[in-house]
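Respectively, the protein sequence lines represent chains A and B.
Quick note on our numbering: the first sequence kicks off at 31 and runs consecutively.
Quick note on our numbering: the second sequence kicks off at 428 and runs consecutively.
In short, the hints are calculated from the structure, not lab data.
Be aware that a few hints might be false.
Here chain B is said to cover these stretches of chain A; the calculated rule only asks that three of the stretch's residues, wherever they fall, bring their Cβ under 8 angstroms from a Cβ of chain B [what the hints assert, rightly or not]:
id	segment
1	32-42
2	47-60
3	193-200
Within a straight-line C-alpha distance of at most 20 angstroms, the following computed EDC-like cross-link-like pairs (lysine to aspartate or glutamate) qualify [to be verified]:
id	chain 1	residue 1	chain 2	residue 2
4	B	Lys717	A	Asp115
5	A	Lys230	A	Asp174
6	B	Lys717	A	Glu116
7	B	Lys838	B	Glu813
8	B	Lys838	B	Glu804
9	B	Lys863	B	Glu845
A few chain B residues that don't get close to chain A, going by computed Cβ distances all over 12 angstroms [what the hints assert, rightly or not]:
id	residue
10	Ser448
11	Pro523
12	Leu640
13	Thr665
14	Asp670
15	Ala758
These figures come from a predicted structure and were not determined experimentally.
Glycine included, C-beta positions come from ideal geometry on N, C-alpha and C.
Here are the chains, one letter per residue:
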Amino acid sequence: MRVLLVEDDQMLGSAVLQALHDASYAVDWVADGAKASAALERHDFELILLDLGLPNRDGLEVLRRLRAGGDATPVLIITARDTVDERIEGLDIGADDYLGKPFAVGELLARLRALMRRSAGAATSVLTNGVVSLELVSKLAFVDGVEQSLSNREFALLQALMLRPGAVLSRTQLEQTIYGWGEEVESNAVDVIIHGLRRKLGSERIRNVRGLGWMVERPHIPTNGRDAR
Amino acid sequence: MNSSLRRRLFIWLSVAIILMSGTMAALSFALSWSDASEVEDAQLRQVLAALTPQQRVAPMTHLPLVGGEDAEAHYVVRALGSGEVDPDRFADVFLPVTLPAGLQTLESRGVQWRVMVSRNAGGQMFGVAQRLRARDEQARDSAVYTLVPMLVLVPLLLLIVHRLLRQGFAPLATLSREVDQVDGSRLAELDPAGIPLEAVPLVHAVNRLLERLGLVLEQQRRMVADAAHELRTPVAATRVQADNLAHATLPPEARERLDALQRGLGRISELIEQLLRLARVQGHAMVTDKPVALDAVVRTAIEETLVLAESHGVDLGCVRLDTAAVRGDPAHAYALVRNAIDNAVRYTPAGGAVDVSVEVQAGFVQVVIEDTGPGIEPAQRERVFEPFFRILGSQQTGSGLGLAIVRSAAKALGGRVELGARRDGRSGLRFTYRQKVE
């Protein structure tokens, strides 16, 4: 796995280089924009880590040239500029993800893995938060590797929760996922389905947030997490 | 001791008006007095001229009365040296033969008379007399009449001066109220419209001062933002280095120390982020003004704080969530709600609860956050909004900027923040944010 790291700060660059080496990535490191463009013309990379404030050529300009040349290599922007507008500009030009400084290595690696999966075309046929996984085709749930079959309504409700782990969905929002238009809503349907899901998955897998609704935990990003590649 | 310009002007103007009108009154009184005397002397001459030859002829022992209804004002016609007819010393007069011809004043038995002496066809001397007191009274009456308009008009003039002064100084009072409303987050220029010409230079000077002050504040804010921003990259590098070290094989003791180091770096990162957020909510650049769904903001903020709440053993939840739209910058609304909830969770001991509610009532949205922590003493409720202020004895590891961000964001949004005690008598803080609905 070959990664291009574009970062002008010596200290941060060498630290990230070390972290990526530790995670078994092959890394080329350049410290200015012009050199980055040159490296991208000569070699193929599977991933690009791009700082924005660069000497000689701004990071956004490097990205613009890359995309103008038809290159679709995934780009993760790492930058100290992180207001919403700046993020939107970066994403509009064609960045795939955005990480603000300072960050934990675990989060950087998790985002890199997500980018690799997306670009590999292993599109999300499985939803997971690291504890519970849901196969969208077979409609099976897995908890710690143990398979659980789900009813249609259980699947619909769990899918709604798993689409955005960490987001709290209200009773009304969940009712809309399990009932079609014009169907009569039973008053305790959501409670019944959640009760059933908790029996199958474990009660702590679906959390109730007082007054707001229910959620599944967002994926835990270990601060020191590494994956050997 | 500052004296009021308005009062001073009023006092001096009043003194001037009263002095002037007093002098005018005295002068016109004196003038009309002497005028009246002359008129009456002329009348005396006319009366004498109008006497029939019969009346001028001796012995004139009788007393023909000439004059109006007022007996005091009657004229007495007498031959010189002839005896008195009426014993009343006010009604009749004895004219001695020694009187020369012409006008003169004569005292007779304690009464003053004005006498005109002449000679009749028979060569006999006679006089026409009028009591001086009657004359004086007439003269005084006519002189007093000249004073009446002045007595009425002077108080009216004083009243008008008072009103004019008050009206003239009203724009200055308005101006000072406007200046009072200027604060660090809102250095709005004063509007010179409607200000008297004389005060306009002052308004412009104040505006220039505000402008310089704004520049200094903006420089300071930018300094903080730039410093925090510049710190991001080296702190990021240090964090990555520490994370890298954690990957190496370490003896347990070293790993423990590394954990402490990483926690410290985490705190530094958090502090830098909060500094940047504070600088951002205090700044005037890039502020958007659009509808913000405050209930959705509260929902997101609770979602984002759940992990912290769980690690603190605090039950974070919502007791009421009305749909509530306000106007402002969504980033400010989020910074406000997020930091307020974060603060409540941090200061609530394990096993406690934080209740959030969003309520719309009478055109206002009210976000209430109640915790079961120790609360804040009333004397400290204002100070906790200052950056880096911490209540002594609290063991919290927050940045010390949360509530400063909350207040700046509230100001930017145009709402009000209030801290109080819980309403149900339990220990805990009640945080309230109020803003007009859109």
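A quick look at each hint next to the structure:
1. Residues of the segment 32-42 of chain A with a Cβ under 8 angstroms from some Cβ of chain B number 3, which satisfies the need for three, so the listed coverage holds.
2. Counting residues of the segment 47-60 of chain A whose beta-carbon sits less than 8 angstroms from any beta-carbon of chain B gives 3, enough to reach three: the coverage restraint holds.
3. Against chain B, the segment 193-200 of chain A contributes 3 residues with a C-beta closer than 8 angstroms to a partner C-beta. That satisfies the three-residue criterion, and the hint holds.
4. Straight-line distance between C-alpha atoms of Lys717/B and Asp115/A comes to about 15 angstroms, which keeps the hinted pair within the 20 angstroms bound.
5. With a CA separation close to 12 angstroms, the supplied pair Lys230/A and Asp174/A stays within the 20 angstroms bound.
6. The hinted pair formed by Lys717/B and Glu116/A meets the criterion: a straight-line CA distance of about 19 angstroms does not exceed 20 angstroms.
7. Distance restraint check for Lys838/B and Glu813/B: the Cα-Cα separation of roughly 14 angstroms lies within the 20 angstroms cut-off, and the hinted pair is therefore satisfied.
8. At roughly 23 angstroms between alpha-carbon atoms, Lys838/B and Glu804/B are farther apart than 20 angstroms, so this suggested pair is violated.
9. A threshold of 20 angstroms between alpha carbons decides the hint, and for Lys863/B with Glu845/B the separation of about 15 angstroms falls inside it, so the pair holds.
10. Here Ser448/B stays apart from chain A, with its beta-carbon at least about 73 angstroms from theirs, past the 12 angstroms limit.
11. At roughly 119 angstroms, the least C-beta separation between Pro523/B and chain A is larger than 12 angstroms, which holds for a residue marked as non-interface.
12. Look at Leu640/B: its CB is around 26 angstroms from the nearest CB on chain A, clear of 12 angstroms, so calling it non-interface holds up.
13. At roughly 8 angstroms from the closest C-beta of chain A, the C-beta of Thr665/B falls inside 12 angstroms, breaking its exclusion from the interface.
14. At the 12 angstroms boundary, the C-beta of Asp670/B falls inside the reach of chain A, the nearest C-beta of that chain being 4 angstroms off.
15. A beta-carbon of chain A comes within 12 angstroms of the beta-carbon of Ala758/B; the shortest separation is about 7 angstroms.
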